[in-house]
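If you read the sequences in order, they're chains A and B. Read in order, the letters of the first sequence are residues 1 to 212 in our numbering. Read in order, the letters of the second sequence are residues 1 to 212 in our numbering.
It should be emphasised that the hints constitute simulated quantities derived from the structure, not laboratory data. Please note that the accuracy of each hint is not assured.
Same chains, same names: a pair is fine if it fits in one copy or spans any two.
What the hints assert, rightly or not - Derived pair list, reagent style SDA-like, types lysine to any residue, alpha-carbon separation capped at 20 angstroms:
hint	residue 1	residue 2
1	Lys-180	His-113
2	Lys-180	Met-194
3	Lys-195	Cys-100
4	Lys-157	Asp-54
5	Lys-157	Ser-29
There are 2 protein chains.
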Amino acid sequence: MFKTLLPDFKDKKVHDLGCGLGWHCRYVSEQGAHSVIGVDISEKMIGKAKDMTDDPNITYLQSPIEDVNFTDQCFDVVISSLAFHYIESFDTVCQSVYRCLKTGGTFAFSVEHPIFSSRPEQDWIYDDDSNPLYWPIDYYNIESKRDTQFLESTVTKYHRTFSTYINQLIQAGFTVESFKETLPPDEIIGRPKMKDEVRRPMFLMILVTKNS
Amino acid sequence: MFKTLLPDFKDKKVHDLGCGLGWHCRYVSEQGAHSVIGVDISEKMIGKAKDMTDDPNITYLQSPIEDVNFTDQCFDVVISSLAFHYIESFDTVCQSVYRCLKTGGTFAFSVEHPIFSSRPEQDWIYDDDSNPLYWPIDYYNIESKRDTQFLESTVTKYHRTFSTYINQLIQAGFTVESFKETLPPDEIIGRPKMKDEVRRPMFLMILVTKNS
Numbered sequence: 001m002f003k004t005l006l007p008d009f010k011d012k013k014v015h016d017l018g019c020g021l022g023w024h025c026r027y028v029s030e031q032g033a034h035s036v037i038g039v040d041i042s043e044k045m046i047g048k049a050k051d052m053t054d055d056p057n058i059t060y061l062q063s064p065i066e067d068v069n070f071t072d073q074c075f076d077v078v079i080s081s082l083a084f085h086y087i088e089s090f091d092t093v094c095q096s097v098y099r100c101l102k103t104g105g106t107f108a109f110s111v112e113h114p115i116f117s118s119r120p121e122q123d124w125i126y127d128d129d130s131n132p133l134y135w136p137i138d139y140y141n142i143e144s145k146r147d148t149q150f151l152e153s154t155v156t157k158y159h160r161t162f163s164t165y166i167n168q169l170i171q172a173g174f175t176v177e178s179f180k181e182t183l184p185p186d187e188i189i190g191r192p193k194m195k196d197e198v199r200r201p202m203f204l205m206i207l208v209t210k211n212s
Numbered sequence: 001m002f003k004t005l006l007p008d009f010k011d012k013k014v015h016d017l018g019c020g021l022g023w024h025c026r027y028v029s030e031q032g033a034h035s036v037i038g039v040d041i042s043e044k045m046i047g048k049a050k051d052m053t054d055d056p057n058i059t060y061l062q063s064p065i066e067d068v069n070f071t072d073q074c075f076d077v078v079i080s081s082l083a084f085h086y087i088e089s090f091d092t093v094c095q096s097v098y099r100c101l102k103t104g105g106t107f108a109f110s111v112e113h114p115i116f117s118s119r120p121e122q123d124w125i126y127d128d129d130s131n132p133l134y135w136p137i138d139y140y141n142i143e144s145k146r147d148t149q150f151l152e153s154t155v156t157k158y159h160r161t162f163s164t165y166i167n168q169l170i171q172a173g174f175t176v177e178s179f180k181e182t183l184p185p186d187e188i189i190g191r192p193k194m195k196d197e198v199r200r201p202m203f204l205m206i207l208v209t210k211n212s
């Protein structure tokens, strides 16, 4: 997660969309949250998350993010880490999160950066010695499914532009508070594999609030 | 300029930062603005703008954008077209515009898109038949001067990330209303030279308001 952009969790009712193995649910509970509900589409992930959790304040729910239907104004904070680029309709997510957040509540999430997600290859262009020459952009304004390769599987992701992320949040009623494009922390930026990370952003982090 | 993102100019006091030959000043006045003040650093441009203008509602001022110091709350709308990527401190511009805008006022501007401005070469990578293969990104997180070539001159520009544009506007006090990444209009997108424009954005347009 992105500590510099995290809201205060103390005594808050928190909802984690796409919680995976529950790492962020447990982190949030350790920060003093009143309660946390984690949702993930994967039965396997949710099962493992439950096995890894010994905390009565955390509850897990197996469901697609798009189908979750909590009552209005029931959470103080909604978080999500690297899940929404697997979801076809970000618009629906925005409206649903806005509805279930209390007035004054915060929505903080990360996604794959639009610069990172535009080409399905998701890789550098290399020179003959395998040094990254530059990060290629293509099809940026064509917002659609991208079938990408991860290990030996095909993974379906959805590329969206920067303005789609921003405008759909604003149209749902949110106030934009802060953006962050990832850069590794100072203590590791000098390491060999990290030096190229300043050359293109991999993740985008957004924090918005529901003010009325 | 970007018509879909333009505010209403009727009876408004408008300020154009980096007005060049005054095209937008005249457009805004034709839309019924109360008055327009255009500012540009270039004495030559301002001279030509004046020669091209026969409209008592438009006034031109020769000055660097950074040095303009109008009194507080004197404009309803501030616009700027493709000028701020020539300015070193966007932060200063944000604070100065916020100050001179009336409460409820609008600030709408365009800049070179961060995807377009990251590499000083500002060009596609081509195949052997001169077809654009992809648009290369590099040094994205390194915000600094870029000496680019335009015709036979060296032009100094300043690359900024997406999050810097957004966060500095928010820190100055603005509310983010809308973003747009350029795509040519439907009627010309089919033309041969236009077909690659969907592959990477060239301009970024932002509209923010001063709400308090």
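How the hints compare with the structure:
no.: 1; hint: Lys-180 with His-113; result: both (10 angstroms within a copy, 17 angstroms between copies)
no.: 2; hint: Lys-180 with Met-194; result: within (18 angstroms within a copy, 32 angstroms between copies)
no.: 3; hint: Lys-195 with Cys-100; result: neither (41 angstroms within a copy, 42 angstroms between copies)
no.: 4; hint: Lys-157 with Asp-54; result: neither (32 angstroms within a copy, 54 angstroms between copies)
no.: 5; hint: Lys-157 with Ser-29; result: neither (30 angstroms within a copy, 46 angstroms between copies)
Checked against the numbered hints listed earlier, the structure breaks hints 3, 4, 5; every other hint is satisfied.
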